[in-house]
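Q: One-letter residues, chain by chain:
Number of protein chains: 2
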Amino acid sequence: MPTKKEITQGSLEKIKPHLAQVESSIVDQAKAFDPAVEGYIRYLLDTGGKRIRPSLAILAGGAVAGEPTEDHRQLGLILELIHIATLVHDDIMDGALMRRQIPTASAKWGQSLAVLLGDALFAHALQLTSEYPDRAISKLITQASKDVCTGEIIQTQRRFDLNLTKAEYLRIIELKTGALFAAATEVAARLSSDNLETAANLRAYGLKLGTAYQIYDDSLDLLGDENDVGKTLGTDLEKGKLTLPVIYLMEAATESQKTKLNKLIINREPLDTSILAGIADYEGAIERSLREARTLLQEAADGLLGLPDNDYREGLIEISRYVQTLVDACQLSSY
Amino acid sequence: MPTKKEITQGSLEKIKPHLAQVESSIVDQAKAFDPAVEGYIRYLLDTGGKRIRPSLAILAGGAVAGEPTEDHRQLGLILELIHIATLVHDDIMDGALMRRQIPTASAKWGQSLAVLLGDALFAHALQLTSEYPDRAISKLITQASKDVCTGEIIQTQRRFDLNLTKAEYLRIIELKTGALFAAATEVAARLSSDNLETAANLRAYGLKLGTAYQIYDDSLDLLGDENDVGKTLGTDLEKGKLTLPVIYLMEAATESQKTKLNKLIINREPLDTSILAGIADYEGAIERSLREARTLLQEAADGLLGLPDNDYREGLIEISRYVQTLVDACQLSSY
Numbered sequence: 001m002p003t004k005k006e007i008t009q010g011s012l013e014k015i016k017p018h019l020a021q022v023e024s025s026i027v028d029q030a031k032a033f034d035p036a037v038e039g040y041i042r043y044l045l046d047t048g049g050k051r052i053r054p055s056l057a058i059l060a061g062g063a064v065a066g067e068p069t070e071d072h073r074q075l076g077l078i079l080e081l082i083h084i085a086t087l088v089h090d091d092i093m094d095g096a097l098m099r100r101q102i103p104t105a106s107a108k109w110g111q112s113l114a115v116l117l118g119d120a121l122f123a124h125a126l127q128l129t130s131e132y133p134d135r136a137i138s139k140l141i142t143q144a145s146k147d148v149c150t151g152e153i154i155q156t157q158r159r160f161d162l163n164l165t166k167a168e169y170l171r172i173i174e175l176k177t178g179a180l181f182a183a184a185t186e187v188a189a190r191l192s193s194d195n196l197e198t199a200a201n202l203r204a205y206g207l208k209l210g211t212a213y214q215i216y217d218d219s220l221d222l223l224g225d226e227n228d229v230g231k232t233l234g235t236d237l238e239k240g241k242l243t244l245p246v247i248y249l250m251e252a253a254t255e256s257q258k259t260k261l262n263k264l265i266i267n268r269e270p271l272d273t274s275i276l277a278g279i280a281d282y283e284g285a286i287e288r289s290l291r292e293a294r295t296l297l298q299e300a301a302d303g304l305l306g307l308p309d310n311d312y313r314e315g316l317i318e319i320s321r322y323v324q325t326l327v328d329a330c331q332l333s334s335y
Numbered sequence: 001m002p003t004k005k006e007i008t009q010g011s012l013e014k015i016k017p018h019l020a021q022v023e024s025s026i027v028d029q030a031k032a033f034d035p036a037v038e039g040y041i042r043y044l045l046d047t048g049g050k051r052i053r054p055s056l057a058i059l060a061g062g063a064v065a066g067e068p069t070e071d072h073r074q075l076g077l078i079l080e081l082i083h084i085a086t087l088v089h090d091d092i093m094d095g096a097l098m099r100r101q102i103p104t105a106s107a108k109w110g111q112s113l114a115v116l117l118g119d120a121l122f123a124h125a126l127q128l129t130s131e132y133p134d135r136a137i138s139k140l141i142t143q144a145s146k147d148v149c150t151g152e153i154i155q156t157q158r159r160f161d162l163n164l165t166k167a168e169y170l171r172i173i174e175l176k177t178g179a180l181f182a183a184a185t186e187v188a189a190r191l192s193s194d195n196l197e198t199a200a201n202l203r204a205y206g207l208k209l210g211t212a213y214q215i216y217d218d219s220l221d222l223l224g225d226e227n228d229v230g231k232t233l234g235t236d237l238e239k240g241k242l243t244l245p246v247i248y249l250m251e252a253a254t255e256s257q258k259t260k261l262n263k264l265i266i267n268r269e270p271l272d273t274s275i276l277a278g279i280a281d282y283e284g285a286i287e288r289s290l291r292e293a294r295t296l297l298q299e300a301a302d303g304l305l306g307l308p309d310n311d312y313r314e315g316l317i318e319i320s321r322y323v324q325t326l327v328d329a330c331q332l333s334s335y
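Order-wise, the sequence lines are chains A and B.
With the working numbering, the residue at position 44 of the first sequence is 44, and numbering never jumps.
With the working numbering, the residue at position 211 of the second sequence is 211, and numbering never jumps.
For the record, the hints were derived by calculation from the structure and aren't laboratory data.
All C-beta atoms in this analysis are idealised placements derived from N, C-alpha and C, irrespective of residue type, glycine included.
Be careful, since some hints might not be right.
Covered by chain A, per the in silico footprint, the following chain B stretches (three or more residues, Cβ under 8 angstroms) [as the list claims (entries may be wrong)]:
hint: 1; region: 30-40
hint: 2; region: 87-100
hint: 3; region: 152-164
A few chain A residues that face chain B, going by a derived Cβ cut-off under 7 angstroms, partial list only [said to hold, decoys possible]:
hint: 4; residue: 93
hint: 5; residue: 130
hint: 6; residue: 142
hint: 7; residue: 149
hint: 8; residue: 156
All chains, full assembly: derive it from the sequences and hints.
A: Given below as structure tokens:
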């Protein structure tokens, strides 16, 4: 199974200089904090990541404007800062010790500092957002941040609830992951064009891509190999987060199978994820989930066909193809 | 000792209808959240509080514009939402079970939901902030939120550090508490007038009032009676937060006394706050702290004398006098 590494193929090469600029402005943000805080923030900002949201903002900007501009890079910066802030808080809630092969803020400095550092980073990102002269732009970004929180709140609320439906699951991940992806592509379009249809198409692309990516990521948590991924896996189910394969499994289960799943998931002491993954695979629930992701990725790419054909539109299509290859490679690590 | 109750005296009566409007718009904000989240947010918003920040925004607005307007009430709303979001996160970090005589969010729903609810409320407040057409206004508000986080981060960082100086302590509480008070009065002025000197004077008032209030609040934590205050006391020192009386005590201590303080505070098992309070009182460190608060309150009020004399300016002066009465009443609960 491929590791989650940076996307570097084909026409995506073209955005590398833009991404390098975003990367350097991400790390530069530490200077905007008090000297007593700067070092912590630098640690959080300098830990890498795939920078998917900046890539999407730059590509969507280039797709609409012909070439990406400083506006699109700034959007990518802001969304990545919001994303990092949410990761800092996620790691507290998940009790995660490692992310991207290095210790999380909460593992390194404790929960209190991690709460505050996430807050400070979030406040800073929203301060940058307040600099847009067009209030509609800042409203879209702040709404996306609110959506991320809402998705996570509903997810937390529905932990260990085996009645969670597929529709409810999809809504949670649309809010939690789709919202920032959609903001990247929609706002990039809005920054360069008044064409609301183009913006809506790009929003739909981002939302579908984000949703498909989260389905893949959730499946990986059930199936994957920690050494490849660089973070603690199998934690979703232990924390009661029900993912699409499990929902499909529940849907198709007989009453006696439901009782068994209930025992495995709710009364786990401890839960052996590999058994559940084996059953989900055997019953075809994993394949169904991955098919759902593939459909979304296809729809995302198809929705871009109305845009003028240029390298950046092609880059967006390549990203959906890249996630497709991740999905295709997703299988039980024991195979 | 008087309880921390609502300020209702004198010319402050005049802002009651404005405060009632803010109160109802605070509770109304719950409707701006997803139905799955609304109930939690309503719980957080409906728990009362002194609404000092809205009072300051309304009074400063009236002092500058002659009468408070919707703009000033909206500012009060936004700052109160930011304040409530920080309290939700504070309670997680402090492990506080009760606030204003009712269970905290983290006690009621656990730490994860409390982190997310604070984030969602914060995102919502900053979304309202992004609606200001004047970017300078939104920047002042987002900067104040960042300052609150910065103050709390430095405070957390310097826990159990007996070398904390008075200057460092003052900077922490200026950021942590002063910033939102100062934003209330400064931004209210900026919303109604281009006179930057007036805005600066009102900012200075807010900053001094906030700082004095925090000194009072910190002293109360050392001295107070939980039944009167409605929240868990004595937690500052247990959590290693050094307050002004302790800093003064350290400053004046001989080497052997420093060793004793060190033992009491750092190696406490458990710390008997009343002993430390007794020593601080005996040595005059509490009186010195309260004197510092009084000086700041006097300076805050004096700084307003350049403003036109009206009921709202008078209201601001009354607030500083009210805090003065709280400071005057602050003494060991055993007396």
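Q: Does each hint fit the structure? Answer for all of them.
A: Evaluated hints:
Only residues whose beta carbon comes within less than 8 angstroms of a beta carbon in chain A count, and the region 30-40 of chain B has 5; three or more means the coverage holds. Coverage of a stretch by a chain is defined here by at least three residues with a beta carbon nearer than 8 angstroms to that chain's beta carbons; for the region 87-100 of chain B and chain A the count is 3, and the condition holds. Here's how the region 152-164 of chain B fares: 5 of its residues keep a CB closer than 8 angstroms to some CB of chain A, so the rule of at least three is met and the hint holds. This hint holds: residue 93 of chain A has a C-beta 4 angstroms from the nearest C-beta of chain B, less than the 7 angstroms allowed.
The criterion of a C-beta within 7 angstroms of any C-beta in chain B is met by residue 130 of chain A, whose closest approach is roughly 4 angstroms, and the hint holds. About 4 angstroms separates the beta-carbon of residue 142 of chain A from the nearest beta-carbon of chain B, less than 7 angstroms, and the hint is met. At about 4 angstroms, the closest approach between the beta carbon of residue 149 of chain A and any beta carbon in chain B falls short of 7 angstroms, and the interface hint on this residue holds. With its C-beta approaching chain B no nearer than about 5 angstroms, residue 156 of chain A sits inside the 7 angstroms limit, and its interface hint holds.
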